[in-house]
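Participant: Chain by chain, the residues run as shown.
Number of protein chains: 2
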Amino acid sequence: MIELPKGYRFSGVSAGIKTRAGAKDVSLIFSDKPCVAAGVYTTNQIVAAPVVLSRSRTPCDTMRGVVINSGNANACTGSRGQQDADEMTRLAANACGEATQSEQFLVMSTGVIGRFLPMEKIRSGIAAAAQSLGPSESAFLDSVDGIMTTDAGRKIASRNFQIPGGDYRLLGMCKGAGMIGPKMATMLAIVVTDAPLDPVDAQRALQAAANRSFNCISVEGHMSTNDSLVLLAARPSPATPALQGSDLCNFGGELTQLCIELAKKIPDDGEGATHLIEIHVRGANTDADADAIARSIALSNLVKTAITGGDPNWGRIVSAAGYAGVPIQPPRTALKLNQIPLFDRGEPLPFDAKQVSSSIRASKLTVIELDVGLGPGNATHWTTDLNTEYVRFNSEYTT
Amino acid sequence: MIELPKGYRFSGVSAGIKTRAGAKDVSLIFSDKPCVAAGVYTTNQIVAAPVVLSRSRTPCDTMRGVVINSGNANACTGSRGQQDADEMTRLAANACGEATQSEQFLVMSTGVIGRFLPMEKIRSGIAAAAQSLGPSESAFLDSVDGIMTTDAGRKIASRNFQIPGGDYRLLGMCKGAGMIGPKMATMLAIVVTDAPLDPVDAQRALQAAANRSFNCISVEGHMSTNDSLVLLAARPSPATPALQGSDLCNFGGELTQLCIELAKKIPDDGEGATHLIEIHVRGANTDADADAIARSIALSNLVKTAITGGDPNWGRIVSAAGYAGVPIQPPRTALKLNQIPLFDRGEPLPFDAKQVSSSIRASKLTVIELDVGLGPGNATHWTTDLNTEYVRFNSEYTT
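Chains as they are written, first to last, in the working numbering: chain G, 1 to 399; chain L, 1 to 399.
Take every hint as true, because none was put in to throw you off.
Capping the alpha-carbon separation at 25 angstroms, the derived lysine to any residue pairs in SDA-like fashion look like this:
| id | chain 1 | residue 1 | chain 2 | residue 2 |
| --- | --- | --- | --- | --- |
| 1 | L | Lys33 | L | Asp61 |
| 2 | L | Lys264 | L | Thr274 |
| 3 | L | Lys6 | L | Pro59 |
| 4 | L | Lys121 | G | Glu347 |
| 5 | G | Lys364 | L | Arg392 |
| 6 | L | Lys364 | G | Phe393 |
| 7 | L | Lys336 | G | Phe116 |
| 8 | G | Lys121 | L | Glu347 |
| 9 | G | Lys354 | L | Phe116 |
| 10 | G | Lys6 | G | Arg57 |
To be clear, the hints were calculated from the coordinates, so they are not data collected in a lab.
Looking at chain G on its own, in the form it has when it is part of the complex (with noise of 0.2 angstroms):
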């Protein structure tokens, strides 16, 4: 049973827009009132429409919903894109009634790139999901499902939290197990909560809660058009005031911590993936040095289909971390697979090959650990495994 943070409804139904028949394709989020809204987006510079559009409404505290559409990405698609994401956040605002502006949504879009909106069927699917919004868990888990793709399940998580003066919620949502293109995802997540916050504060929490957690996962490393992740925020009454100080830290490591066990359900759904890789970087010079090193093993093809065949062959391992752009000093580098250490200050250890094997094979979970022994700075990523279904998944299709 799912706990919702208070002032919120949902709703998610079938549009059309996905070839699969019945398939719940629009998602709509709606605040009682008007909330915060903080976001963190795609850097990618080729990017999606309604990212453009979000974007530039983020962050802000006269929100009231986000609209969302799975199995067209509206990327690639020059003005008419443009235009199409805009008149969804109107068609929104509209069907909500209760004299909302569609600047007071947020808009979403994933699935093939390079196509334009099926605009007659987006038009219909948001009347529909208007009029189904409502504040029950099932209507939630609808709009879950109207934002998944190739997700093999829903993706979500929770928290509930105390801070002296108020209990609060946290409920998020994520899709994503591909990046890009036809019959492919693209990474959205939504995050709601009824603690009160100020939208500066909303936007610091969240680019922090993303530097830890989605900024820190890979399938395979291409950056999609369209990646958004946003929070909104729902004060309780106009005279809570916002958190501050060490609350607004509480709420930030609470945040965190939803946004991580949202973040792993991406690659641990990976395409095909068999492994979900667990990459912990320590004794860098910087946190920024850890996540390149992490970043370059967790993207490195040769590690991926290493675990995937249950071969403890790391050199793979090590040699990623060297050309990760960062100091590294093979005379001070030590890794661990699976907690059995098997290489320590620049030297190979005797190992039982057949142990580690067997390790990697008994569990979904490998576990890297690489100290490069300079400093302070750490990081930790997840990706998954590479396996042939991934290949023949993105390669077998054709449009």
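Given chain G, put chain L in place with the hints provided.
Facilitator: Same frame as chain G, but now just chain L:
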């Protein structure tokens, strides 16, 4: 029939380092007189012992030869690995006689990472290789066989060219099909010429050629610990002056063409590859920007799997360009796939998907042309597609 540059002898023998019985795994290239040597090496910070040693010995004008083993990369092997690399050059100098010194040899290794070299086998292999040195085509082909690992066939190229004052020859070999690890190949390339060169000019010409050839290819983008490209230039006689001015420019052009011809053979033989993908980027602000965009496209698994499947999924190409980290503006960008326009100035173009798909399926070579419309910068990269054979090859092996 290969025309050998004057002044060199070659050999390749089986020393039992590779597991397959009789496979050649120790090669020698020997210059009759001290010659000019230049080298370009991996920029990975995790660098194999032979690279450390060879890098310290180029450029110079006193080199006598190169000793190479395959089947073991002598990487991540600490101080013992460094001693072993040094010992290989000492063994080569002793075995080749003529009072050559160990410092007059370069050394290369390729194969599994993290294991110590079997020095007894290396010792007898080098002795046997020195005894079978010859200036014949068959001896040259033996030396090519001795550097191969997962390569499907020999990768060689030769050019003859005239410069006022002489006829000269360039002859090159390289190896590589995947990047590192057990049963994996790391990139090695050796080019020999009888053109007279100064060491500094040789080094500059080689770096320039590498930048347009070996630095523009990828299979999966995992940078090896062992990549080495060396050029030997044996002056016909002490009296022959080194090439200068336009003659040196002409030599540089010939060397670049030879290196491109050699380099393309690596992704063309990429593990499991069914397509060679040639990526032309034009209109970037600088050549370096064009290089970054071409590299980003070449390294995208989603681009690679689309080509595998004959899928005209151009959004994957454009979006990969968008996250290369250099300026690109959709309204100025245009894309062609096998000469068919798909995207122009930010808008999708109508096209016949079946026609594009057929053009991909009909040819081993797929050509991507991206014009970003900003400036004079251009670059060309070559990569493979990504198919289930690559994944199977790299995952279904266990140490």
